[in-house]
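Single-letter residue listing:
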Amino acid sequence: MGIILKGISKSYDGQAVLKNLNLKINQGEFHVLLGPSGNGKTTALSVMAGLVNPDSGSVFIGGGEVTSLSPDKRNIGFVFQDHALFPHLQVFDNIAYGLRVRGIKEKKIKKIVAHYLELVRLQDMYNKYPFQLSGGQKQRIAIARALAFKPDALLMDEPLSHLDALECERIRDELKRIQAATRVTTCYVTHDHSEASALADRISVLHKGRIEQIERPEEIFYHPKTDFVAKFVGADNILEARLVEINGNTTIFSLNSLGLTDQLKIKARTYPVFARNTKHRLCLHPEKIVVSHTPKGKNNFLARIIDIVPQGAVFKIIGEIVGLSGLKLRAVVPKTAFKINSNTEKIWFSFPPDALHPLCGRSCRAAIPQRACNNINLFK
Amino acid sequence: MKNFSFNLIISFIAAIFVCLIVLPMLALFTTTSFVELVSQFRSPMILSAVLISLETSLTVVFLALCLGIPVAYLLAMKNFKGKEIIDTLVDLPISMPPLVAGLALLILLGGNSTFGRLLSNHGISLIFSKKGIIAAQLFVSIPFLIKSTRDAFESINKDIINASSTLGASEFYTFKTILLPMAKNGIYTGMIMTWSRALGEFGATSMVAGCIPFKTETMTVAIYQNAMSGELTASIAIAILLLIFSFTLLLVFKSRVRVKAG
Chain D
10 MGIILKGISK
20 SYDGQAVLKN
30 LNLKINQGEF
40 HVLLGPSGNG
50 KTTALSVMAG
60 LVNPDSGSVF
70 IGGGEVTSLS
80 PDKRNIGFVF
90 QDHALFPHLQ
100 VFDNIAYGLR
110 VRGIKEKKIK
120 KIVAHYLELV
130 RLQDMYNKYP
140 FQLSGGQKQR
150 IAIARALAFK
160 PDALLMDEPL
170 SHLDALECER
180 IRDELKRIQA
190 ATRVTTCYVT
200 HDHSEASALA
210 DRISVLHKGR
220 IEQIERPEEI
230 FYHPKTDFVA
240 KFVGADNILE
250 ARLVEINGNT
260 TIFSLNSLGL
270 TDQLKIKART
280 YPVFARNTKH
290 RLCLHPEKIV
300 VSHTPKGKNN
310 FLARIIDIVP
320 QGAVFKIIGE
330 IVGLSGLKLR
340 AVVPKTAFKI
350 NSNTEKIWFS
360 FPPDALHPLC
370 GRSCRAAIPQ
380 RACNNINLFK
Chain P
100 MKNFSFNLII
110 SFIAAIFVCL
120 IVLPMLALFT
130 TTSFVELVSQ
140 FRSPMILSAV
150 LISLETSLTV
160 VFLALCLGIP
170 VAYLLAMKNF
180 KGKEIIDTLV
190 DLPISMPPLV
200 AGLALLILLG
210 GNSTFGRLLS
220 NHGISLIFSK
230 KGIIAAQLFV
240 SIPFLIKSTR
250 DAFESINKDI
260 INASSTLGAS
270 EFYTFKTILL
280 PMAKNGIYTG
290 MIMTWSRALG
300 EFGATSMVAG
310 CIPFKTETMT
320 VAIYQNAMSG
330 ELTASIAIAI
340 LLLIFSFTLL
350 LVFKSRVRVK
360 AG
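Going line by line, the protein sequences match chains D and P. Sequential numbering of the first sequence, starting at 10, is according to the numbering used here. Sequential numbering of the second sequence, starting at 100, is according to the numbering used here.
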């Protein structure tokens, strides 16, 4: 059951968009395809729906192969980016559309539509036309329409991208609630990692038509497997380091491999993949760096502030490590937690050994699951 | 100051355009007295021409709907080899002089051609008959319906069509419940343009059906015939009737579209 893509490849004008894509979405799972625009997310979703035929590979939905079936034979619900409600039909008729196609009797249709209008909390809107609804209401009707005929899978193509931040957050919560209530297998496409983390049971990160990593949200965010995943989810401090010494639970790295003139050593937690004199790429989340006027951790760097970017309730501070030109770190701190006096001020960037992770995903730390990052709790 | 000059020039050009449309019509209305016109409207020859024109042009609109909508759907929704050729063929009657169209139809439908003989063997005679008028009017006017309907189909967001498909609808069900209702205004526009073109058709019609009073004489043919034989008042009466038809129809259509859009 669920959705399975086996070896899906697709090219447009000789340009490969999907390259041997393999994906298994479990029955009842809320799965998010995450990645930047132009990396094959929508094409993958369209292949699942039958709106695009793959060059090779197979698609299975609800236990049966559907590769050669047209969209109308696949029993899937699809929610489009721009909702795609039928403008000449009232809300009731929009939701009833898929039911009427299936020849369900009008009396039963009335009951089903009423149920789904209640599910999306728009009971009073049944006789409105789409142009009379707000963006969020339209998306909720589109969701109700896609679910009303009990599809084997619900596919959603960036359904929140046209909504304002407040509406987006509201619909996101609604969506999670509706999916939990219906337990329909869901595949959701987005380029927004915070949206993905809020919704997903598991996330697949797509890059250049391939899946770079499939994990639970917390794994993706705190244990990215590749540079691309790390940068895409905002863990954009990547340090290339040479392992100097393993001392029980603590490992000491040298950052000489960056080509820096001065020695710089950092302490990290020991992972099973670490071996003496090996090089590693370590990921450091900006949120885990403490910015202060005095050193506060086991790894402390004095940094010259290069830029401060306000981002809602936080500042993103970009600092260059003093004496080691070329090494820049990015930290994210709450606006209330740190007072910035001027852009040229020198400050301390501190972080604990736990904050550093080798870029190898879950596999490299499989032997020590109890050492999972403390911040995982943030996603629960 | 520059804006003032610009607006003045634009207004002047617009005034020239209005004169270009209004003056010939005024000339029609002012040449003959109202009493003379009313007496002409009662003439059996004019009444016959009006009825023949209405009968043939409305039949053409019906036939154009039956033939044009499927062709428009094909051109708007499908990709196939030779699509460009069909697309060009649809445009051809618009750019072709009506007399050339009439001549081509006359040769095709006449007794000397294989097709003409085939029709004749089945008891169908199009030359010098109302059926010939319909054939000629359909030939020159159907492209307007096809183009307008195709544009209307093409303007529908592809996601809406895909949404219908993912909801389980077949292509025909989508065509019936989504495409046709959403392309309605484009189809109406095409119908009006087709009807206007058919009603005003002269060259091809006279070539194929001739100018037989009470049989194949349409309003436009009657205008020409009367003007050539010195019956200018009769010509003017029919011309005024044609103008009234066209103006009323356009007005009704525009107000309907405005109400829908509002």
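None of these hints come from the bench; they were simulated from the model. Don't take each hint at face value.
What the hints assert, rightly or not - In silico BS3-like cross-links for lysine-lysine, where the CA-CA straight-line distance does not exceed 27 Å:
1) Lys28/D x Lys15/D
2) Lys275/P x Lys82/D
3) Lys28/D x Lys240/D
4) Lys283/P x Lys137/D
5) Lys159/D x Lys82/D
6) Lys307/D x Lys344/D
7) Lys275/P x Lys137/D
8) Lys240/D x Lys274/D
9) Lys337/D x Lys355/D
10) Lys344/D x Lys305/D
11) Lys159/D x Lys275/P
12) Lys353/P x Lys119/D
13) Lys344/D x Lys325/D
14) Lys185/D x Lys137/D
15) Lys120/D x Lys82/D
16) Lys159/D x Lys257/P
17) Lys177/P x Lys82/D
18) Lys288/D x Lys276/D
19) Lys119/D x Lys137/D
20) Lys137/D x Lys257/P
21) Lys33/D x Lys185/D
22) Lys275/P x Lys116/D
23) Lys257/P x Lys283/P
24) Lys117/D x Lys275/P
25) Lys28/D x Lys182/P
26) Lys275/P x Lys114/D
27) Lys120/D x Lys275/P
28) Lys33/D x Lys240/D
29) Lys274/D x Lys288/D
30) Lys257/P x Lys217/D
31) Lys28/D x Lys217/D
32) Lys137/D x Lys177/P
33) Lys82/D x Lys257/P
34) Lys325/D x Lys307/D
35) Lys305/D x Lys325/D
To be verified - Pair by pair, the computed Cβ-Cβ distance ranges are:
36) Phe111/P x Asp201/D: 39 to 47 Å
37) His221/P x Ser67/D: 35 to 43 Å
38) Glu329/D x Lys101/P: 51 to 59 Å
39) Ile109/P x Gln90/D: 36 to 44 Å
40) Leu188/P x Arg130/D: 48 to 56 Å
Quick caveat: nothing in here was measured; it's all calculated off a predicted structure. A virtual CB, placed ideally from N, CA and C, is assigned to each residue, including glycine.
Evaluation of the provided hints:
1. For the hint pairing Lys28/D with Lys15/D, the CA-to-CA distance comes to about 11 Å; that is within 27 Å, so the pair holds.
2. For the hint pairing Lys275/P with Lys82/D, the CA-to-CA distance comes to about 18 Å; that is within 27 Å, so the pair holds.
3. For the proposed pair Lys28/D and Lys240/D, the alpha carbon gap of about 22 Å is at most 27 Å, so the pair holds.
4. Of the supplied pair hints, the one linking Lys283/P and Lys137/D holds, its CA atoms being roughly 21 Å apart against a limit of 27 Å.
5. For a cut-off of 27 Å, the pair hint linking Lys159/D to Lys82/D stands: about 14 Å separates their Cα positions.
6. Taken as a hint, the Lys307/D and Lys344/D pair is honoured in the structure, with Cα atoms around 24 Å apart against an allowance of 27 Å.
7. Distance hint between Lys275/P and Lys137/D is fulfilled; the C-alpha atoms sit about 22 Å from each other, no more than 27 Å.
8. This hinted pair checks out: Lys240/D and Lys274/D have alpha carbons roughly 23 Å apart, not beyond 27 Å.
9. At most 27 Å may separate the alpha-carbon atoms for a hinted pair to count; Lys337/D and Lys355/D meet this at roughly 13 Å.
10. The straight-line distance between the Cα atoms of Lys344/D and Lys305/D is roughly 19 Å, inside the 27 Å bound, and the hint therefore holds.
11. Our distance criterion of 27 Å between C-alpha atoms is met by Lys159/D and Lys275/P, whose separation comes to about 24 Å.
12. Between Lys353/P and Lys119/D, the direct Cα distance comes to roughly 37 Å. Violation of the 27 Å bound is thereby established for this hinted pair.
13. For a cut-off of 27 Å, the pair hint linking Lys344/D to Lys325/D stands: about 9 Å separates their Cα positions.
14. Between Lys185/D and Lys137/D, the direct Cα distance comes to roughly 25 Å. Compliance with the 27 Å bound is thereby established for this hinted pair.
15. Distance hint between Lys120/D and Lys82/D is fulfilled; the C-alpha atoms sit about 24 Å from each other, no more than 27 Å.
16. A threshold of 27 Å between alpha carbons decides the hint, and for Lys159/D with Lys257/P the separation of about 24 Å falls inside it, so the pair holds.
17. Restraint check for Lys177/P and Lys82/D: satisfied, since their Cα atoms lie roughly 20 Å apart, inside the 27 Å limit.
18. Only pairs whose Cα atoms come within 27 Å are accepted, and Lys288/D paired with Lys276/D is accepted, the gap being roughly 14 Å.
19. For the hint pairing Lys119/D with Lys137/D, the CA-to-CA distance comes to about 16 Å; that is within 27 Å, so the pair holds.
20. Distance check on the hinted pair: Lys137/D and Lys257/P sit about 23 Å apart at the alpha-carbon level, within 27 Å; holds.
21. As the CA atoms of Lys33/D and Lys185/D are separated by approximately 20 Å, the hinted pair is consistent with the 27 Å bound.
22. Taking the CA atoms of Lys275/P and Lys116/D, the gap is about 23 Å. The hint holds against a cut of 27 Å.
23. With a C-alpha separation of about 17 Å, the suggested pair Lys257/P and Lys283/P falls inside the 27 Å cut-off, and the hint holds.
24. At most 27 Å may separate the alpha-carbon atoms for a hinted pair to count; Lys117/D and Lys275/P meet this at roughly 23 Å.
25. Using a Cα cut-off of 27 Å, the hinted pair Lys28/D and Lys182/P is violated, with the two alpha carbons roughly 32 Å apart.
26. Between Lys275/P and Lys114/D the CA atoms are separated by roughly 20 Å; this keeps the pair inside 27 Å, and the hint holds.
27. Taken as a hint, the Lys120/D and Lys275/P pair is honoured in the structure, with Cα atoms around 25 Å apart against an allowance of 27 Å.
28. For the proposed pair Lys33/D and Lys240/D, the alpha carbon gap of about 25 Å is at most 27 Å, so the pair holds.
29. For a cut-off of 27 Å, the pair hint linking Lys274/D to Lys288/D stands: about 14 Å separates their Cα positions.
30. The suggested pairing of Lys257/P with Lys217/D holds, with an alpha-carbon distance near 25 Å, which does not exceed 27 Å.
31. Of the pairs offered as hints, the one joining Lys28/D and Lys217/D holds, with about 8 Å between alpha carbons and a cut-off of 27 Å not exceeded.
32. Restraint check: the Cα-Cα separation between Lys137/D and Lys177/P comes to about 33 Å, which exceeds 27 Å; the hinted pair is violated.
33. Our distance criterion of 27 Å between C-alpha atoms is met by Lys82/D and Lys257/P, whose separation comes to about 19 Å.
34. Restraint check for Lys325/D and Lys307/D: satisfied, since their Cα atoms lie roughly 22 Å apart, inside the 27 Å limit.
35. This hinted pair checks out: Lys305/D and Lys325/D have alpha carbons roughly 19 Å apart, not beyond 27 Å.
36. Separation of Phe111/P from Asp201/D is about 56 Å and departs from the stated range, judged on CB atoms against 39 to 47 Å.
37. Between His221/P and Ser67/D the C-beta distance comes to about 54 Å, which lies outside the given range of 35 to 43 Å.
38. Hint check: Glu329/D to Lys101/P, Cβ distance near 54 Å, so the stated range 51 to 59 Å holds.
39. Between Ile109/P and Gln90/D the C-beta distance comes to about 41 Å, which sits within the given range of 36 to 44 Å.
40. Between Leu188/P and Arg130/D the beta carbon distance is about 54 Å. The supplied range of 48 to 56 Å therefore holds.
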